[in-house]
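Please model the entire structure based on the sequences and the hints provided.
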Amino acid sequence: MTPDPTISIIFAFVIAFAIAMYVVMDGFDLGIGILFPSFTVGKERDAAMNAIAPVWDGNETWLILGGGGLLAAFPLAYAIILPALYAPLIAMLLGLIFRGVAFEFRWRDPAHRAFWDGAFFAGSLTATFAQGVALGGLLSGIRVEGRAYAGGWWDWLSPFSLLTGFSLVAGYALLGACWLLWKTEGRIHDDARRWATPLAVATLASIVAVSAATPFLENRYFERWFDWPGILATAQVPLLVTVVAVMLFRSLRKGHERAPFLWTLALFGLSLAGLGISIYPEIVPGSVSIWDAAAPAKSQLFMLVGAAVLIPIILIYTGWAYWVFRGKVADAGYH
Amino acid sequence: MSDGDLALLLARAQFAFTVSFHFIFPAFSIGLASYLLVLEGLWLKTGKSHYFDLFKYWLKIFAIAFAMGVVSGIVMSYQFGTNWSVFADKAGPVIGPPMQYEVLTAFFLEAGFLGVMLFGLDRVGRGMHLLATAMVATGTAISAFWILSVNSWMQTPVGFSIGPTGQLLPTGSWWDIIFNPSFPYRFAHTVTAAYLTTALVVGAVGAWHLLRGHGTDANRTMFSMAMWMLTLVAPLQIVLGDLHGLNTLEHQPQKVMAMEGHYRSYPNGAPLYLFGIPNAEEKRLDYAVGIPKASSLILKHDPDAPMAGLDTIPDDREPPVAVVFWSFRIMVGLGMLMAALGLFSLIQRFRGRLFDSPLLHRWALLMGPTGFVAVIAGWVTTEVGRQPFTVYNVLRTADSVAPLAAPAVGASLAAFVLVYFAVFGIGTLYILKLMAHPPHAHEPDLADAPLRTAGITPAPQVNGDADKRPDMREGAA
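Residue numbers (numbering that gives the first Met the number 0), protein chains in the order written: chain A, 0 to 334; chain B, 0 to 476.
Honestly, the hints are just simulated from the structure, not real lab data. Check each hint, because a few of them may be wrong.
[What the hints assert, rightly or not] Derived lysine-lysine pairs resembling DSBU-like cross-links, with alpha carbons at most 35 Å apart: (1) B/K47 with B/K432; (2) A/K327 with B/K292; (3) B/K44 with B/K432; (4) B/K44 with A/K327; (5) A/K327 with A/K253; (6) B/K292 with B/K282.
Written out as structure tokens, the structure is:
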């Protein structure tokens with residue numbers, strides 16, 4: 000009845016995968032919510048909504064998999080992190096409620112569509128900012144005594160967590176703009192293109208700022224990045240970020256439609272890898288390691304079998320659903 | 000009251016509020032998803048257009064209810080950690096895996112095929128679309144399977160031992176943990192309740208339009224289908240409820256004592272109290288009206304069988320009696336009314352007056368929301384009846400709560416109350432607005448232009464326009 004170190008590491012990667020899937024998939028539909036007020040009322044907003052309406056629910060399910068996976072595989076981490084980040088998580092949940100119902104409600108009630116469009120924007124922005132703040136709060140360290148969170152209910156708030164909050168808003172908005180470049184045509188496509196370059200600049204600036212600040216939050220982070228010979232490996236991350244950034248700007252300048260989204264995905268992938276380098280092998284930074292928090296091998300193994308079979312099947316039918324709605328969202332105003 | 004006690008009370012209030020609100024939507028969408036599958040299947044099989052009209056009519060309502068269920072459900076999946084972190088730490092190794100399987104086998108299935116179900120009618124073949132509907136309906140049932148397994152394990156925990164850190168570790172087989180003693184009964188009882196709830200809503204909408212003189216094929220069909228469901232399933236539900244009660248008596252006797260209002264033991268057969276006012280101070284049932292020996296007859300199948308009462312249970316293991324006593328009576332009373340409605344509709348059906356009986360229609364209309372009331376009352380009975388434990392006889396509620404300050408929980412509870420009443424209240428109004436229109440002979444298409452319309456055209460748009468899409472109307476406005 001003890002945790003198995005190898006299975007624990009595998010499971011940590013399964014959860015990291017779920018979080019990565021969540022960030023890129025819900026990232027682009029939250030990002031479209033953030034950009035929503037800048038779109039013209041009417042067909043342009045409808046097209047933006049329709050570019051994500053059939054898939055947002057599936058995208059958000061990865062958030063439940065990440066949270067549920069943490070509960071199942073690392074219950075101690077779940078039990079410490081969630082109360083520590085109480086306020087941002089509640090704000091995120093409330094934001095997700097407003098934006099989630101707006102998908103349906105805005106069609107139901109044309110007289111109040113402006114209100115639900117506002118709710119879609121505000122909910123998306125709140126949820127995104129709260130996720131960023133939660134990440135910053137987690138990286139800043141969490142006070143633990145015994146098997147429980149021991150801090151106050153404002154501990155998550157710091158200049159760093161606000162920085163990560165703004166960074167995620169910029170990053171999701173960039174994902175959203177690039178998704179619209181791929182999925183739309185006409186005026187909304189042009190608007191997305193105007194947004195993409197400044198958002199790419201803001202996202203890169205955020206990555207630089209967060210990367211520069213993180214190693215100085217905790218000595219451990221610094222060592223994981225700069226200790227010899229590990230630095231030979233970790234140095235590849237900023238190098239690759241530079242390469243990807245150049246490719247992203249190039250694709251935006253050349254007016255590519257699909258490439259900017261893919262390069263932005265790569266940027267998010269590298270940022271998440273950087274995050275992993277800072278934290279690993281801890282799961283609650285500064286106090287609890289993956290192995291301390293792990294559920295018994297029997298629990299993890301039972302789930303791993305299911306995850307190994309079911310996640311590929313999920314990816315197949317999710318891919319099919321995206322395939323069904325492939326192609327550009329039509330914009331009736333541009334014929 | 001100390002800050003810790005207040006924080007505990009607020010956390011309990013928040014969980015009770017958010018889970019009760021949440022369950023309203025699945026209670027409806029589990030049944031409605033299956034109903035949509037039946038309607039689409041009948042349409043494909045018979046080619047009769049009124050089945051398709053009904054399908055599209057209820058699909059719009061389903062979309063709203065499902066969205067509200069999704070967003071209120073995400074709150075639940077995080078609240079185990081935010082507010083019940085000690086419970087999550089201790090019970091996580093046992094309940095975490097089944098909940099993970101719920102996400103992997105149910106939530107993704109529903110979400111993955113929902114887009115095609117709602118917006119894909121003209122993007123995939125009819126067979127594929129039927130498959131998507133079937134997958135969504137299956138997903139709702141699988142979701143119920145896992146979450147009820149987890150809840151049942153908290154009621155009747157088996158297959159675990161307590162580890163050195165106080166964690167509950169799964170030492171038994173997963174099969175035994177998942178199919179714990181109360182699970183089959185709770186699963187059957189809850190899913191049947193969801194079907195009944197849906198049938199009552201469909202029946203009430205049909206009755207409303209029949210009363211207003213809209214005797215269209217589609218409307219008659221849905222009213223008839225709903226009444227068949229009640230006729231057949233409401234009596235079945237009474238049997239299932241009885242079996243569930245017997246199972247509870249075996250595994251959680253003090254819950255049944257509270258349901259029955261049995262403060263004291265009855266060595267020579269216990270009465271079935273129909274009414275009474277639980278008096279927690281004096282530990283007795285005031286103004287009790289009961290049938291002698293009937294409780295022993297129902298629960299033990301012997302009028303003289305002795306039955307222990309709450310006097311045999313230590314005070315610190317006793318659930319709050321009044322809440323359990325009343326909520327149980329509300330559930331049972333409504334269940335009897337449902338069965339009676341089913342019986343009355345059968346009589347009128349055989350007399351050929353199913354669509355011509357204002358009394359039946361008024362009754363069915365009044366019963367419309369009672370499924371939700373009964374479902375919530377049933378959950379209050381079983382959850383409050385489990386107190387003062389989260390994991391029955393193993394982990395106390397007071398020892399499960401997260402170390403949060405009362406102001407933090409108070410603020411979040413206030414926010415949830417405001418947002419839920421506002422957002423879900425408005426959503427319910429939108430659903431009622433859709434229901435206020437009878438199903439039309441040519442229900443507007445779900446997606447007359449791929450994706451462009453987000454598929455779902457509001458019923459008020461049905462005014463004979465060549466183009467009923469909301470975006471087109473907006474352009475004209």
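For each hint, the structure was consulted:
1. B/K47 with B/K432: holds, 26 Å
2. A/K327 with B/K292: Answer violated: A/K327 to B/K292 is near 72 Å, above 35 Å.
3. B/K44 with B/K432: holds, 31 Å
4. B/K44 with A/K327: Distance of about 34 Å is within 35 Å: holds.
5. A/K327 with A/K253: Given that 35 Å is the threshold and the Cα spacing comes to 19 Å, the pair holds.
6. B/K292 with B/K282: Status holds; Cα separation ~20 Å.
Comparing the model with each earlier hint shows a violation of hint 2 alone; every other hint is respected.
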